[in-house]
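Q: Note that the protein sequences, when read in sequence, are chains A and B.
Using our numbering, the first residue of the first sequence is number 1, and each one after it goes up by one.
Using our numbering, the first residue of the second sequence is number 1, and each one after it goes up by one.
One thing to keep in mind: the hints can contain errors.
Same chains, same names: a pair is fine if it fits in one copy or spans any two.
[Said to hold, decoys possible] Quick list of in silico lysine to aspartate or glutamate cross-link-like pairs, EDC-like style, CA-CA up to 20 Å:
id, residue 1, residue 2
1, Lys572, Glu406
2, Lys454, Glu506
3, Lys26, Glu377
4, Lys572, Asp499
5, Lys180, Asp284
6, Lys139, Asp77
7, Lys382, Glu81
If you're looking for bench data, these hints aren't it; they were derived computationally from the structure.
Number of protein chains: 2
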Amino acid sequence: MPGYVAPLADMSFTLNHVADLEQLSKLDGFQHADPDTVDAILDEAGRFFSEVIAPLNRVGDEAGSLLNEDGTITTPDGFKEAYRMFVESGWAGAHMPTEWGGGGLPYTVGVVINEMFKSANLAFSLCPMLTHGSVEALKHHGSEDLLENFAEKLVSGEWTGTMHLTEPEAGSDVGALRTKAIPQDDGTYRLFGTKIFITWGEHDLTDNIIHFVLARTPDAPPGTRGISMFVVPKFVLDSSGRPGRRNDYKIVSVEHKLGIHASPTCVVSFGDGGEGAVGYLLGDELAGMRNMFTMMNAARIGVGMEGLAISERAYQQALAFAQQRVQGRAVGSSEEVAIVEHPDVRRMLMTMKSYIEAMRALVVVTAQEGDYAVHGESEPRKQRALDLLALLTPVVKAWCTDVGVELTSLGIQVHGGMGYVEETGAAQHFRDSRIAPIYEGTNGIQAIDLVTRKLPMRNGEVVRSFITEMTRVLDEMDDHPELGSFRTELSTAIKGLADTSTWLGERMAAGDVNDALAGATAYLTQLGTVAGGWLMAKAAVAALSNPTIADPGFLTEKVNTARFYGEHLLPKANGLISTITAGNSLLENASLTVM
Amino acid sequence: MPGYVAPLADMSFTLNHVADLEQLSKLDGFQHADPDTVDAILDEAGRFFSEVIAPLNRVGDEAGSLLNEDGTITTPDGFKEAYRMFVESGWAGAHMPTEWGGGGLPYTVGVVINEMFKSANLAFSLCPMLTHGSVEALKHHGSEDLLENFAEKLVSGEWTGTMHLTEPEAGSDVGALRTKAIPQDDGTYRLFGTKIFITWGEHDLTDNIIHFVLARTPDAPPGTRGISMFVVPKFVLDSSGRPGRRNDYKIVSVEHKLGIHASPTCVVSFGDGGEGAVGYLLGDELAGMRNMFTMMNAARIGVGMEGLAISERAYQQALAFAQQRVQGRAVGSSEEVAIVEHPDVRRMLMTMKSYIEAMRALVVVTAQEGDYAVHGESEPRKQRALDLLALLTPVVKAWCTDVGVELTSLGIQVHGGMGYVEETGAAQHFRDSRIAPIYEGTNGIQAIDLVTRKLPMRNGEVVRSFITEMTRVLDEMDDHPELGSFRTELSTAIKGLADTSTWLGERMAAGDVNDALAGATAYLTQLGTVAGGWLMAKAAVAALSNPTIADPGFLTEKVNTARFYGEHLLPKANGLISTITAGNSLLENASLTVM
């Protein structure tokens, strides 16, 4: 089974010529992240994740993380040592704040490093991803005490963080949760309740695990307005700040899942011993949802990236197979060829490659807005970045993960019968990929968020200005006749997106929310597909305009891949317009039964 | 976990008002299959497959069929007894020839019964499906001796049949196979070689297993022209026709697969004992490929049906979950509702339901052509049926199985986090469905078959007259104003299909085969999607024109589902036109690498 090689040339090109790393590195706090330094860092990261983390992907799938009778969890062979190396080499905190010992790299660079981790070993990568989310929550809402006790350990990865949102009767509807937090005289709380689907809720990688738990205080109002967030360490810290006595919760069970077997998905029962789990309020009481979104927005981009990352791994595996598997003859020849020579196999591989590059560009450009939202040179620039980040976060999460399932499925198909045999490894990517459209808010929830919250931002001005920004690349394409067909398709696709955006905006404004909801998922797909086309067009223009910015072979291939996206994949976006604007009436009238 | 209920109302409606069972039952040999009798048979079949076969689906997935040290295979608990009941109740031979003890039902009805088996238990259903294929080969090419020895036992299901095509170096390229068949003085052959991916190649359900094996005779020409087919029983029959000594082959291993765990996928080594496995030539020497296609064409429709059948099972499970899972509030209400009330969940369920009904219609109508090809009232009618069967077989195989993966994925998504937990059962359907685009000729091979062999039939007249036939429903839709939007979409979609058919035909005629191959898969998707639209339009017209042909609630729902197909799903077909006609140049120029 082939391993994983970080696609460094495309990562660097995307950072520098689709995003703008040089500009970014001029901002306060990022001066150390100049393009050359970043290239060197990525080179080193690529080696680490390929050599240390990627080889554990298959063993993790086969062995899984297992619950022991005493409630502890044993991770697969090799995970503990690899995690130690991950922490020691500093990758855990690479893009986290320097004041707590992080590397302070821009998030834009951080997502590229995270892509490597997720390609190398998706199940493993979830543990640091959730830790990263918990650092975000601490950073924005944590008191000095909490920061002092937990920030450095979480940034370094010496301890890990988890998110506790879901309960048996509270999934997408977080507001239905029932876990209780009872205030104590000493200012702490005691938690009682059951949480499910807790990713890396328990493991043997670190000395402590810090749980970030949503719960209700007594007399809190019902629904989402009554939720607060609590920091619940596995081992309560003693007076010296070291892990002390075991907190009062237990791991009830670990789910038997379709994929990501190495990631233990726990059912956690708080207060089982009767006294309640000691927790510390994070931020204000009743501000739990805001805190949750702080954690979750980063995690949503992280999950969106999973669609990209696992597709890259599946692509590398499918390509290697197609290059070595000899079968059949090319048209007009009697000689047997490797299947990579057959047009339909090339179609599958090019579909994978083009979508991957488009997704990578979208993830990096969105992360760049995340950096400008904090480090932007002016308030208007920060606000524009915040708006764009808000608009694109659900698109990154849902579009990339839907595409990820599609591409890992193609990865199997390239293998033919061998793809269905587990030992080949292609099936694992397919199984692993299937979680990403579900967790951190299902893709349906993302589409609802996009249409009901993000489209109406500033009376639709955010999406309109984003669409206007996309049209700018059309003028640049005029200088390059080889992009003629691509330009025609992109122009049509952007026009289609403008039309559906207007239609949905009008429905929302008229209060016909269900009509907008009926088209929400297809609209998100359209927006992702068109945004991918815009970024691939930018990449093609950059490659054609500046023949010295990268290896000539790379640039030629980039233009070819971009054109494939524009001429073969992008046109599908307009096939969605009818369903987006069809409204809710057929759905509403449907009598869904088995007959 | 919910079980399975046969969708009898839709099956009956499709047989009678999309296909034309009454007309079919007037043909010689089918007089006993009048609509009322068929309804009664389907009712009984529905009970059998729901009650006896469906409950074994999950246990089959969990336990799998296991290879023992002595080379035998043990099927999961309950399979043996259920198979015995299947044979005894006569379902095994329901649509097989009466002269060998079969029920003689039209194939059109047989596919509906088979759909039930496949919905109930896909892995289990493969065993009779391959037996059916072997009966087809025997019927068309078998000598009197072979028929006498094997036909009745295979028709009744007392013995099962298998297909041996693939070898380690001969997958899609069957012509590369190397298994040898050495003629003996007594007219039999001795076989030596290794076959892989042999579905139900060994099991404990019956006293004998009859292998239909492709092999090369000495001095046979290379490639597909040098292949012959042999009948190789597990136990060589003694002089009284009863299973005698064990033939010289062994089961080397069983694959560890993504899904269909209850179906043992074997590696079989012939002639391991040195003397060679005794085989009997089936049909003419060197006619193996023709015989193979006789077996395989039936199997291809059978596999296409798997996309339909597993989607139906996944739909029933997702619907049941959505009806009982309470979560969130409807727009403008403060009351919690079952998630089936949310527009985006309804969208997923309606997408499943509409595609399912369209696939069912396509499978049944294609099978009906299979019946007319044999029983048609005139030679021209038979020829027309043969042509249409040839055109639609790759579409049924590939389109339905691609859609099946998409719909079982939606089935998971409806469940949210629970869908990713194996115990829920939704994940099994997703895993099981993924084999269908691969076996019996990958979907890429189907697309190549469609574009390079079927489109050029009669200089393109077959596809042109099929398209003309589809346009007829447009006039009928004119009488029903509620079908106005659907009619507009269908008219556009048929026009798009006519255009791409012409373009591909011209490329083939000009010898630009690679341009046609580059667009083949997208064209097959387009053709399947449009044909589905045509049949859903026929269904809607029938339902609106004849308000007494079924339960009024059913007819109202049918019109709604048909319109959903037409207004929400069908429009995607036109989004494929650009990629179909984009040609091969970008694929050809692609330097597929990891950079």
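Q: Run every hint past the structure and note whether it holds.
A: Right, here's what the structure says about each hint:
For the homomeric pair Lys572 and Glu406, the shortest alpha-carbon distances inside one copy (14 Å) and between copies (16 Å) are both at most 20 Å. For the homomeric pair Lys454 and Glu506, the shortest alpha-carbon distance inside one copy (14 Å) is at most 20 Å, but the shortest distance between copies (47 Å) is not. Proximity of Lys26 to Glu377 under the C-alpha cut-off of 20 Å is restricted to the intra-copy arrangement: shortest distance 10 Å within a copy versus 82 Å between copies. For the homomeric pair Lys572 and Asp499, the shortest alpha-carbon distances inside one copy (16 Å) and between copies (17 Å) are both at most 20 Å.
For the identical chains of this complex, Lys180 and Asp284 are intra-copy neighbours only, at 16 Å inside a copy versus 78 Å across copies, given an alpha-carbon limit of 20 Å. For the identical chains of this complex, Lys139 and Asp77 are neighbours neither inside a copy (34 Å) nor across copies (56 Å), given an alpha-carbon limit of 20 Å. In this homomeric assembly, Lys382 and Glu81 never come within 20 Å of each other (Cα to Cα): the closest approach is 41 Å inside a single copy and 70 Å across copies.
Violation of the numbered hints given earlier is confined to hints 6 and 7; the remaining hints are satisfied by the structure.
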